Each structure stands twice: as structure tokens, then as C-alpha cells.
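S.K.: For reference, the chains in residue letters:
Protein chains: 6
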Amino acid sequence: MSFKTEIPDARQFPRYSGVCSFFRFPLSPQPRKVDWVLYGVPFDFGTSYRPGARFGCRSIREQSAYIKPYHLFYKEDLRERFSIVDGGDAPVAPYDLEKNLSLHEEFSSAWRAQDAKTFAIGGDHSISVGNMRATSKALGKKLACIHFDAHTDTVDRLWDNAYTHASPIRRGVEEGWLDPKKSVSIGIRGPVNSATELDWGRDQGLEYICIEDFREKGLDLLRAFKKKIGNDPVYLTFDIDCMDPVFAPGTGTPAIGGFTTAEIISALRVFKGIQLVAADMVEVAPGLDPTQVTSLLAAHLVFEILCL
Amino acid sequence: MSFKTEIPDARQFPRYSGVCSFFRFPLSPQPRKVDWVLYGVPFDFGTSYRPGARFGCRSIREQSAYIKPYHLFYKEDLRERFSIVDGGDAPVAPYDLEKNLSLHEEFSSAWRAQDAKTFAIGGDHSISVGNMRATSKALGKKLACIHFDAHTDTVDRLWDNAYTHASPIRRGVEEGWLDPKKSVSIGIRGPVNSATELDWGRDQGLEYICIEDFREKGLDLLRAFKKKIGNDPVYLTFDIDCMDPVFAPGTGTPAIGGFTTAEIISALRVFKGIQLVAADMVEVAPGLDPTQVTSLLAAHLVFEILCL
Amino acid sequence: MSFKTEIPDARQFPRYSGVCSFFRFPLSPQPRKVDWVLYGVPFDFGTSYRPGARFGCRSIREQSAYIKPYHLFYKEDLRERFSIVDGGDAPVAPYDLEKNLSLHEEFSSAWRAQDAKTFAIGGDHSISVGNMRATSKALGKKLACIHFDAHTDTVDRLWDNAYTHASPIRRGVEEGWLDPKKSVSIGIRGPVNSATELDWGRDQGLEYICIEDFREKGLDLLRAFKKKIGNDPVYLTFDIDCMDPVFAPGTGTPAIGGFTTAEIISALRVFKGIQLVAADMVEVAPGLDPTQVTSLLAAHLVFEILCL
Amino acid sequence: MSFKTEIPDARQFPRYSGVCSFFRFPLSPQPRKVDWVLYGVPFDFGTSYRPGARFGCRSIREQSAYIKPYHLFYKEDLRERFSIVDGGDAPVAPYDLEKNLSLHEEFSSAWRAQDAKTFAIGGDHSISVGNMRATSKALGKKLACIHFDAHTDTVDRLWDNAYTHASPIRRGVEEGWLDPKKSVSIGIRGPVNSATELDWGRDQGLEYICIEDFREKGLDLLRAFKKKIGNDPVYLTFDIDCMDPVFAPGTGTPAIGGFTTAEIISALRVFKGIQLVAADMVEVAPGLDPTQVTSLLAAHLVFEILCL
Amino acid sequence: MSFKTEIPDARQFPRYSGVCSFFRFPLSPQPRKVDWVLYGVPFDFGTSYRPGARFGCRSIREQSAYIKPYHLFYKEDLRERFSIVDGGDAPVAPYDLEKNLSLHEEFSSAWRAQDAKTFAIGGDHSISVGNMRATSKALGKKLACIHFDAHTDTVDRLWDNAYTHASPIRRGVEEGWLDPKKSVSIGIRGPVNSATELDWGRDQGLEYICIEDFREKGLDLLRAFKKKIGNDPVYLTFDIDCMDPVFAPGTGTPAIGGFTTAEIISALRVFKGIQLVAADMVEVAPGLDPTQVTSLLAAHLVFEILCL
Amino acid sequence: MSFKTEIPDARQFPRYSGVCSFFRFPLSPQPRKVDWVLYGVPFDFGTSYRPGARFGCRSIREQSAYIKPYHLFYKEDLRERFSIVDGGDAPVAPYDLEKNLSLHEEFSSAWRAQDAKTFAIGGDHSISVGNMRATSKALGKKLACIHFDAHTDTVDRLWDNAYTHASPIRRGVEEGWLDPKKSVSIGIRGPVNSATELDWGRDQGLEYICIEDFREKGLDLLRAFKKKIGNDPVYLTFDIDCMDPVFAPGTGTPAIGGFTTAEIISALRVFKGIQLVAADMVEVAPGLDPTQVTSLLAAHLVFEILCL
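Residue numbers (the working numbering), protein chains in the order written: chain A, 15 to 322; chain B, 15 to 322; chain C, 15 to 322; chain D, 15 to 322; chain E, 15 to 322; chain F, 15 to 322.
Keep in mind the hints are simulated off the structure, nothing from the lab. In this text the structure is predicted, and so the values were computed from the model without any measurement. A few of these clues could be false.
Same chains, same names: a pair is fine if it fits in one copy or spans any two.
[What the hints assert, rightly or not] Using 20 Å as the maximum straight-line C-alpha spacing, the simulated EDC-like pairs for lysine to aspartate or glutamate come out as follows: (1) 231 <-> 277; (2) 151 <-> 112; (3) 155 <-> 170; (4) 286 <-> 230.
All chains, please: the whole structure from these sequences, using the hints.
M.R.: Here it is as C-alpha cells:
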């Protein structure tokens, strides 16, 4: 790329000043040629329990102002490595889950047409299909998928609707954007509704790393999966509820016993070097978290994912 | 009615004990012959700003446990005057505003078939049309309407949808359940989107008592309206955002400068003696209110309304 | 008195510094000759709904640090007018309501023996009887009583106990410390448990100024009562739940429709010049109030009462 | 048992709808023949520091609505395995710790007379003795005891009272309901009041697994204890303050350095297969926890314990 | 002006979407020819009690997204009447109160050079002097001043510093930017530090309308002041702590007994038609307010002030 | 020392009663001969992001009331081992970072002149230099330093100021109070501003144990450092932001991925037996933490450090 990312120097301009863009990156309402675009999708009409993720992008923008650009462990400066912009928020279609996906896909595609990798920041998990579609279509192939979540997200229909936050992995596979044989769901745990919860996914070839598997066999399972996908283009979808509710209270459908921050950081770092082509961070509902540690964590993890 | 309402005696059984029903009234999952049924409608897919009203009925049940049965000002005991039950929650249709209204109407109608007056506790304002329909159909006539709200709720369509929380008054009039000539909206205030905000309503004959009118001419405007409706059957719909946000922080679309509790109580008491046939209390979003004073107020106002 | 009250000068020592005593007054663990002693009674085993008032004195100490000493309206400096100390907390007897009163009475009496007027800061309303007893015994006569409250506090027994927070006025009258003919309860409101709520008090000659009376007849009722008590020694007991819950969310048994701060200040100022001999401020439960405005208000009202 | 447990299907009826019973299990005000009864004991007059556990049962009911019935790790459906009901709340005796225990014992015994196993949900830890008594008497033998807690709960008397939340283990042993030689307290940690804290228990034969022991020797200590108790009937009492305060902020007497959720789940799973006959979950004080993660965790742990 | 203000249509684009600028007005990092520029001054090193106002501008931007453009009472559309932009945040100098004022003055002057009226959004009250200086210098004359506040802000020095948040009115007068004979401070109230609190101001000719004056003589005092200033250029400085703490909990130095929203709106509306040339809104500290009603109110009042 | 520390017996006097001193230790406004003095430094004008640490000492005093005196793991009673007092708060100089350090140094020196070891409780990290200076000067030698922190605190100047909370380690070394060759910073992690973050420290000989180092090599690195410093006098400075934000939400500059309580306790216990001569606990900002778990943790860690 021909430019690097300009960020106000925090030792001159306090991090609490200025209009909030993601990580204080430059705003770019129009698609342009960059390495990555981060954009919001303020939509949570796909939730099934506690709503509020529509305010996730606003809150992550705010908390990300405090995230600095240099990765001490990788010894890399994000500003030097990539050109990145904040693309603003995608248009949304309240009350209409399918139309919302179309608008999102269109928005994402416009950036992809500029060769930008697209990082969608939700919003609830229903939004992911829009970014999957745009990416897979643009690349002309199915994507490998790394899916962090407490839930499988392979419900067929919820209250008669096919595109809720309970189904993105199923729709992604069924519509042909994800390659289930190169997909893994990490952090799955119970209690669940029934004994058949994992059946559909396993039938498709999806790999499940339940939280108990993760705690028993350490990071080896992740390393094996990394090897399996090799240089394939990867979509990473991160549902913040994969975390233990204590580490991410601001989410709609919390599940006890999830990842700690130390665990999730070590898990993500296994994937250093994969061919990441698009990503999303979803299900941050800031109104449920009085300390905003969920948004701060989400911002931190977006930073970690960009550094992969 | 042949029975009076049994409530556990709080001087024997603490108000913080037991499963939470509205005002500790008896639960009645099946429709039966009573004076009033209170029921919840846990639905907030009709909101346009901050969601969370789906948890309103749960929270109002909880806070209402502390409301005692004797009205010191009217010198009446609610238990003696009416047979009342908690009918549980109406079935809802997440993601589908129209179907949700049909389910609600059906639920309300089943109680109406038992001659019960129906008090719906939301949920967002989109739910009101269900109770309006059931009541008007059962009575075979248009209803007078007393509407407390910061907003006119006469938007035609919001993001292409006709049945959101911005439209119940318009739909109620257009579908023929409300008589606009005998309807009043109290507490309306700005800022609003455009100069035409009140036009549609005024064209129909609806009366608007803006908050400035209320503060200037005291309660006379309300007394005049009461006289106009006489003995007509009345639907009372109470959107908690008619209150100043300080008195009701737990609501999705707050508007500065609304009613205080002293004002709203004196306003409601003007209507003592009207022919109330159905009512609702909507837009309580408890997750936005760390002290739950909104739900406590809503419970108190339901008590005041029942005593009318 | 031979000394005036020393307070750290806030323009030199910030109000947020130092160990928290009431209003930054000097600590005095031992009884001594002063005009007023303020002390805490951290006890809330007398509550019937939401507990937490045991932390009231701690929180009022904290918030009172910000209250300055000069009364702009009366044009008086509290430091110049009185010698005042913080006497620490009275010993308490958790689990035993009667023993707790005895300990409180003994503590209060020790100060009274030094001619100090005693201001007890609760704690729940059950504690008041201790200070009433000590004061009345020391003065050898019944006290007039000004009682701000949402509740009558004349319940005979609650769950078989005679000394809970629902009974201090009844016990004070029955035990002979208060003169019911010179007592008034201000701010009473419903809903209540039964039609007989006010009967016992009225039979004794107690005056009730319900909130509706207060709003209708302004301050004249208070002025009339002030005239009636003349120069009699007065006990003022202030239950913070006389306020509207919005103005005092941190209390255990909130009642909608109470005083605003403007109303309560104008009500208190009517009593300027009465012969105040002892007082209490009770039912502040700070854990129920995330902004601590209740404790700040309570501290402010203690200041107003001292200036009477 | 002749019936299985009916729960509303959450894929049809949202988990946020309806009157809140534990886990959405059927309500059963009267004792009946079931495998397990869950009931509340809304009582916290036994606390010594921060109160509020009287609201624990209400909050756990609310949060448990989101807990699904199928245990992904054990591959068991709670609905299929047991008939379970919510028995409502036991009667309580505010202000009187001993009478409260009698009422609780009586309530628990009535269910035990129907062969129901009894799971009491507090409330503070003082309530446990009621369920211990009922269970031990009905079975006619001393119970083994698994006790999760930060504290030993073997204080003889607190402020002259023998039945506070600091003494249930001591009273259980002394009164003959628990067999100290088959009892273990897990998660004990300091700081404590004195060097003699563990002496009484050790003299009785009680085993202590301090948090440092747990972290050093992993789960082996638990496995050894499980072996020791074999098929003996077991009472499990779970004080939520065994958790680190970050994982369970909503409790009255928090102690730094406790269990994480991952640790506690792995600890509980060691006991799969024991002969559990009664249990309790205590010390959840929801007012101290703005995110309600404590109640969600408590509900989850009740689910894990039922699945033992 | 040659353009009107473009705002995303909220009936098409939800108010919760997009990067947060004040009222969703266009961002303009560079000074340009407009009627009004709104900008932030994220600085709170001038506070004397509770800090946090540095986050005021961020929070007001966020809450202002919900404020609509049409003033229902004045029947005016802000978009039609003025060209307005969000100028971003002024540079600040943490740790250095005087340098911070210079930076602010310079920033404000740059906009004034484009004939833009300047509305500074704080930050604490120390920032006001920067905008006063820039405005008065550009206009070449002293400004009349309308000052809403609980405090006089005429302290000479606080802990040896002349430019803290306790002194802006004094500095403004002493440095010659404000005309004390045409200045009024509204909402002043006690308790204060000493009897001399109002002396300096009165000596200069400043008018004080204490809260008791306001409540007694209604709006007549304000009307008289309006008449006095006639067509003089006016600086309006609004310290949110003029409000009662219940209406504006998010502020550093709260004072009991202040304005209600109804009172403040009626007070502001008296000034309709004055020659407003610059303004500020200060002392919003959002971290102290869990419901963000303070920021919402502040945003609403900025809207009311712009409509003057 | 000639006396041991008297603490009110909590089994007689509840821990929630009385004026709050650190750990309920005796207050001693004047310097006197004791083993340790704990005192507050309520100052946070050195912060660069979120303020509020000026209230840290007040909140730690409050939460420490619940910390008991006997260390169950070390089997030691703090009261028996040391004479300890609460020295109140050091004077502070708001707005002036350098003067504030001088006042602090003077206060600390006065206690040191009585042979008291000094434990400063902040306040932000800028305050540490005051205690370092006083201690090093009194002992006449450079101090070894154990520094727990997420940040290196070796920034030269921040917004032109040399004595902010970003520089205490650098100033301590440059001014000659700390021996960099015997100093270690533990818990350092990114993201940081630039690649040179650790350069200055390493050039001086400072050791860095980043969080990744800590997790990989366990406690061996700490043991090696302990060996290196042997019997040298040690200054321990504890910035609470070394913790993961979930364990210490109440801090101004949180960094994801820090210590858990279990980790930090095991880390501190490595240092049992070092020659600790002074210490501080800084950056607790209680207003950012609705549950006050940060202050409780800080109090607990002060207890652990005193027991070293």
C-alpha cells in the first residue's frame, strides 16, 4: 500500500480527546484502497435473549481510543504494517433480518472491490453472514473459518426465522461461503437445549473444540487446525460470549465457564501467520456492562486479530 | 364477581418472598371470569433506539410486590373492589411485528370472552394495538383513548414497517379501534423530527396536550376532556417516557422535561370515575435503570389506574 | 460553650482528603461538653423489606465532607454558632432489637449527661427510640415530635416483634417519651395495607399531614403546628423515605410521590427557631443508590436541621 | 418417578417470558411426589457484614430462566432424568433466627415426607441447619457433608447468637445432623480473626482443603474424600463466597483469592456419582452485583449439582 | 450563510448508528464559514472535588445523537435556521491550566476569524475563559454574561492557582472580557465556605439570583435582566451543577436544591431573542452518572440555547 | 516496639461500624514511634487517561475494615507482629505535581524520623517519588525496587511534565533513590506506544518480567530476583493496574491480560522475608468500579505486603 496509518500521537493529544473512531484511525466514509477497513454494523434484531449489541460498535470505538499501536510481544507496529481506516457504520435495516444482510453485504463488497480486507464490528452474530458473503464472492472460493463462541450457531430456524444470531455458521455453510471441513468452533459449552446440538455441524465436518477439550489438551488442538488450513483464506468470527461472563459481562447470552483473557490471548496467538481475509467481532452489548471492560477487551482482541 | 382478590398478608409473609406475580395477585394461566386480568407482553422488537422493554413485565412484577392494596387517598381497597389475577405472559413472536400483534390480540380476546378487563404490561409501545383490537372488537365499538406519552406515535412507517412502537395511535385510529375525536395525547414534547409532527393527528381530530400546555393550564384541560368522553368506554395507554427521564430512566427513548411523579398522579386522579375498559403500561426497559425506580413507578401507576 | 468547631479549611485541605468524620467535625470518642454530638448507629436489623441502612452512617460521613459550613440563606456559620463533634458510632447489638435500643440509649445518655444535644444518624428507623428515651429521661418531660416519613410507623408488631422500624412512633408514644398531642407526621402517603392505617395515631391526637395535604395547603399547616408547639422541646426524626424515590433512591422501603428537595427545604425552614433538643436521620441505605445522592441529600438535611 | 419435568420450549417461548420459577420448572405450592424440589428461603437476618441475601432466591429464579436443560459434558437431560418442581419459598421468621430454622425444617420435612430431595436456595448460610435437620431426621442417620466456602462456619456464637450465618457447620455437627468425620470444607482462606480458626473443626475430624491446598494438589484431595464417603448420603452446602469476589461479587462477606468458574466446575465434577440427598446454595446477595453474574453462576452451579 | 446543516435522516438511518458528532452535525476539523461551531474541550485539571469532566464532550456527543432538530415550542428547525458543524476537540494542555486556556483561545479565535459563533463543550468550568477571551477580543468589546451555576465562581485563587474551575467569572471580569454590570449568576445556593461569598461579585455590579430568589419571584427577575442587556452581545456559560443533583448526577461538585428540568427550560426560554455570540456547557462528568441522563440533559440544553 | 496494634474486636464490634481507618488501626495524626505507618495521598493530577485515584485512599480505608488480622497461610497475627497506625492523609498540592511531591516527602520524612516504615496509599503513581525520596534519604542509600505494573513508568515527559504518573520509576532512578540494577518491573504488557518502550530501563539495568514471561517461567524469575537483592532495603511499589481489568476495574489506565488474584498472591509470597522498608499501593480509582472489588483487593494486598 502507498500509505501508512496516521494516528494522533497520544503523548501529544490525549487519548480521551477527539471524535471516536476505531483506534483513532482515520475516518473514511467512502471505500478506498487500504489494507483493512474496520466498520460497524449497529444491528441487534437477531438476538434471542438480552438485546443491546446495536450499541457495540459505538462503545468499542470509544474504548479502542486507549489501545496503543505497538504489539510488545510480536514487536510490530500496526501503523507501519498496514494502512487501516474506520469506514463508519454500514447501513442497517431494523426489523428485517434478511434485508439487513443484503445491505451489509453490499457495503462490505464495496470495500472489497478496493482490495480492502473487511473487519465488521457488531452488532449481534446475525450480521456475520453479510461479510462472509461479500468476502467469499469476491475471492471466488469457500473460506476456512475460525469461530470463537460459547454456542454452535447452527440452529436452523428460531421462531420461524432463518437469519437470527443463532444460525450464522449454518447459513454460511449452507449458502456455500464457508468450507465446513476447514472450520472450527472453539469454546463451545453447555448447558444446551438438547442432545443433538452438535450433530448437524459434525455431519458437515465441522470441528468442535469444547471448553473442556481446550482446557485438557492445551493449544495442540489449535495448532493442528492451523496446520490443516495452511494458506487457505480464513474468515475469523469472534463472538465475545466465548469468554467467561466475568471477563465479558456485556453480552446478551452469557455462558458460565468460558475463556479467561490469558487463555484467549494465548489461543489467538497460535494463529499468527494464517491467511486472514476478513473478520468480525460480535455480541458486545455495552449497556449490560457498567465498567465497559467488555468493549475494552473486544477492542484489544480486534488489535490482536489484526496483528495475526 | 363472586370472589375477591387474595394476596398474601405482608405482615405475615414478607413482600420479598415468593414467586413474583403482579402485586402478588393469584396466578391464572387459563382465562377465567374476573374483573381484571394483568398480563405481560415481553416484546421489544418494535423499538427504534434503545431496546430492553422485553424485560419490563418481569421487572414490574418484581417491584410491584412492594405495592400495598389500600389506596389512602381514595379510601378504597383494591382487593375488596375487584377480583384480579395475573394471567402470565402473552405468547410473543420475536422478529415479526405483525404476527406478534395477532398473538397478543388472540390472548387478550380469550380473557375478554370471560368478561375480564385486560391490562397489558409491556413490552414496547408496538404491543398496544393487540389489546386495542381485542377490546374494540369485543365491545363492538370504537374506544375513547387517553394516551400518556412524550411522542405522538402517529408515524406512518418506520424503516418500512407499519407496526413499530412509533405508530400504535395511528394504527389504532386507521384500523378503527380508536375514536380520534375522543382521544387525547398528553405530555407531548420536542425536539421532534419535523414541523409536521402533529398534523396527521390534528387532521383526525386528536387532541394534543403538550407538556407546556399542561404546565400552563393546570388540570383544566384534562377535566374538559373527561367531560367530553363522559361514559364512553376508554382505553388508557401509558408510555412511561411521558415522565421526565429522571423519574423514569429505564426507557428506550427518553425526552427531557416530562412529568414529575406529583404531576402524573394529579393528572391521573382527574380521570377518577371514567369507564375504563382496557389499558396498557409500556416502554419500561429495566436494564437502563440501576435503581429500578422506573419499574416501581410503573407498578405504582398501574395501581393508580386500576383504582380509577 | 467554651469552644467553636474547627474544620479543616477546604481551600487549603481538599474536601476529599482525610479520614471521614461527619462534616469534617473533630472526632470525640469520649463524651464531652459540646452543643451537639453527631453519632452513627449502624444497625438495620429492624427493616422489613430491603436492608442496607447499617452502612448509612459511613456513607453520610463520606458525602458530608463536601458540605460547607456557611448557610447562605440564614446567613449563619455553623462553626461559629455551635461546638459540634463526631462522637463515632454507638455500640450495636446485631440480631437483638431490644438490646440494641438499650445500648443506644446508654450511649446517647452519656452525651446528654454532658449537656450535649444528640443527633443520631442511622441505621433504620428502629433506632430512634433509643435517642428518644435518653432525651426525654434527661429532660424529665415528654417531647414534641416532628416526624418526616412516608409511613406512619405506628404498627404494633411486625412478625411478632415490637421494636422494628415500623413502630418507633407508636413505641415512643406508648412508652411516654413523645407527646402525641404535640406530634406531627409529615409526608404520609399510600398505598398502605389497610383502611385503619391512621386510626391509632389519630386516636392518640397525632396530626397527619399527608403528601396531598402538603401540596394543597402549602406550608400553612406546618406553620400552625409550629405555633402549637411553641417553645416545647422538640425531637425531630427524619426518615429519608419521605422523599420521592427519585430524590432518595437509597432507602429500603421507597414510596412514589414524595417530597422534592425544593419542597423539603422549604418545609424544614418553616421550623426555624423551634426548641430542637435531639434529632435523627434514618433509613439511608447507600448500597441501593449508585450515585450516592441520597447520602449527599441526607448530609445536606442534617446541616439544615442543625441550622434550625 | 412417574413423570418427567416439563419446561416451556425456549425455541418456541422465549426464555425471558413468563413468571420466573427456578429453571422454568413447574410451580408446586403443595408438597408432592417428585425427585427434587427446589425452594427459596428468603432470609438474611443471620448475616454479619453486608446484608441482601434475602433477595437471592428471587434473583436466582430470574437468572436460571436462561439455563438450558441438557448437560453437554455428561450427555444427560435434566428433564429426562428427574422430576423436579419449584416449591415456592419457605415461610420465614424475620428477626428470629431460631424460629426461622424451625419453619424451614418443617417446610423441608413436608417435602421429604413425599420422598422429595430438597434443594434450598438462600438466603444466608444460617438457613442450612433447617434443611440438614429435616434430611437427617427423615433418613435417620448422620449425613456426610461437602461444604464449599471461604469460611469455616464453625463460630460458636456471634454477638450472643448461636444460629447466625457463621455457625451452620458447627451447629450441624453439634446437633448431630452431620458426621464430621465424613465432612470436608473446601476453599477456606484467610485473613481470619485468629490462629484458632480451624481448631474446633479439626478436633471433630473435619477435613479442611484450603485454597492453597486446592491449587497445589489439584483434584486429588477431592477424589480421596469422594472415596472416603462412598455411598453415604451426602448433604452439599454451597456458599457462593467460596468463589473469588470477581466471579461472585454479589455476596456479603467476600474473600479475595477464591475459586474461578473453571476451577469450581472441575471440582464439582469430581463428585459425579455421589449419593446426594439434599443441598443448598446460599449467600447470593444480588443487590451487590450490578451485572447479576453471581446469580447466573449460582443458577449454573445448581444445575451442575443436580446433575451429580 | 450559503448552506444549511445536513443531518442523516433518522427515519432512514438510526440515531444509534455512525460515528458520534454533536447532534450528528457534519465534522469539520478545519475552521470554515458557518453560523455556529460546536467543539469539545476535554480538560478537567481545574476541578477541586470529583474529576471526570474531561469525558464530558465525548458523552454529550453520544447522547446528542438522539436529539432531533425541530423545536416544537418555537416551531423552528435548527437545520434550516443555521449552518452548524462539529469542530472536533480543541487541543488541551494537561497539567497546565494557563497554557490550556491559551490553546483554547487560539482554537476558538480561528473559528471566530471565520465569523463562526463558538459553542465550547467542556470539560470543567476553567475552560470558559478561553472562549470568553477569543470572543471578546474578536468583537472588540466586553460581553454581557448569563451564568447558570450553583456557585459564584469568583474565588480568587484555589491552592495557589488563579485559573481553576472556581474562578472563571472573576477572571473574565478582571481580564476585561465580561461586563459585570451586565452579568447575572443564576441558581446560586449554599452551603458555602463563608459569609463573604457574594461580596466580590456584588462590588463589581454582578447580579445574583439565588435559587430562593428564583423560586419566589418566578421569571420576572430574568425578564428584567433581559431588558437590561437589550441587544448587547451575550456570552452564556452553563454549569450543569446549577441543576439539582438528581437531574444532573454526573457532575463533580453537586449542590442539593437546584433547578428541575421544567424550571431550567422555562428560565432559558425567557432569553429567546437575545444577541447570543458565544456559549459553553461545562462540568458534565459522565462517569458519575450510570444512566447518562446528565449528558442527555446537557445535549438538550445545548439545543435549547442554540434555538435562542 | 513497646506496643502492639489494637483493633476493635469484630466479634464484638461489627466491622461495618465506626469511623473508617485503614484496617481499623488506631488513628495517629502526629508522627510517633511505630513499626509501620499507613497513610493516604489523595492526589490524581498526575493521571493521563481516566482520573479518580484521589478517592482511592478513602475507599481502601472503607474496604479494609473487613480485612481480618490473622494470616492463615503464614500463621501470623499482624497485630502481634507489628505496631501499626493510620497516619491520616498527607497534605497535597492540587494542580502542582512538583510541590505535591515535596509535601509528600516532608510528611513521609517526619514519620521516618520516628523510625516508622512508611506505606503510602494513593492516589496515582506520581506520588511514589515522595516516599522513595524520604526513605532513601533517611537510610542514606539507594533502594532495591519491586515494581508491579502493566506499564514501565519510565516516560521522560508527558505533555511537558516530568513528574506525572508515567515517570516515577525513571525519576526514582535518575534522582538516585532507586538502584536500577536491583530493580524489577513485573507484569509489563502491551500494546504500547512504540518499539522503544523498554529501552531506557534496560539501558539502566532494570529487569522486566513481562506478563508472558511470568506465565511461561512461573515463579522462578521472581525467586532469582529475590536472591539477587538479598538483604538490601527494598521499596515495593504496587500499581493496581498490573492486575487484569476484571480483577481491578477501578483503575485509570487498564490493560487487558494482567494478573489474576491467585497469580498475584503467589507472586507476592515469593518475596516473604525480604527487607521491606517502604511501600505504596497506587492507582485505585474507586469511582470506576461499582462493586468496590478493586479497593477490597488493594486492601487485601496491602495486608499481604505487610506480612512479608
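S.K.: How would you label the pair residue 286, residue 230 (within, between, both, or neither) given a Cα cut-off of 20 Å?
M.R.: Classified as between; 18 Å across copies, 22 Å inside a copy.
S.K.: Given a CA cutoff of 20 Å, do residue 151 and residue 112 count as a within-copy pair, a between-copy pair, both, or neither?
M.R.: Cα proximity of residue 151 and residue 112: one copy only (18 Å, versus 34 Å across).
S.K.: My question is about residue 155 and residue 170: at a cut-off of 20 Å on alpha-carbon distance, are they close within one copy, between copies, both, or neither?
M.R.: Neither. Shortest intra-copy (24 Å) and inter-copy (43 Å) distances fail the 20 Å Cα cut-off.
S.K.: Evaluate residue 231 and residue 277 at a C-alpha cut-off of 20 Å and name the case that applies: within, between, both or neither.
M.R.: Classified as both: same-chain Cα gap 13 Å, cross-chain 16 Å, threshold 20 Å.
Checked against the numbered hints above, the structure violates only hint 3.
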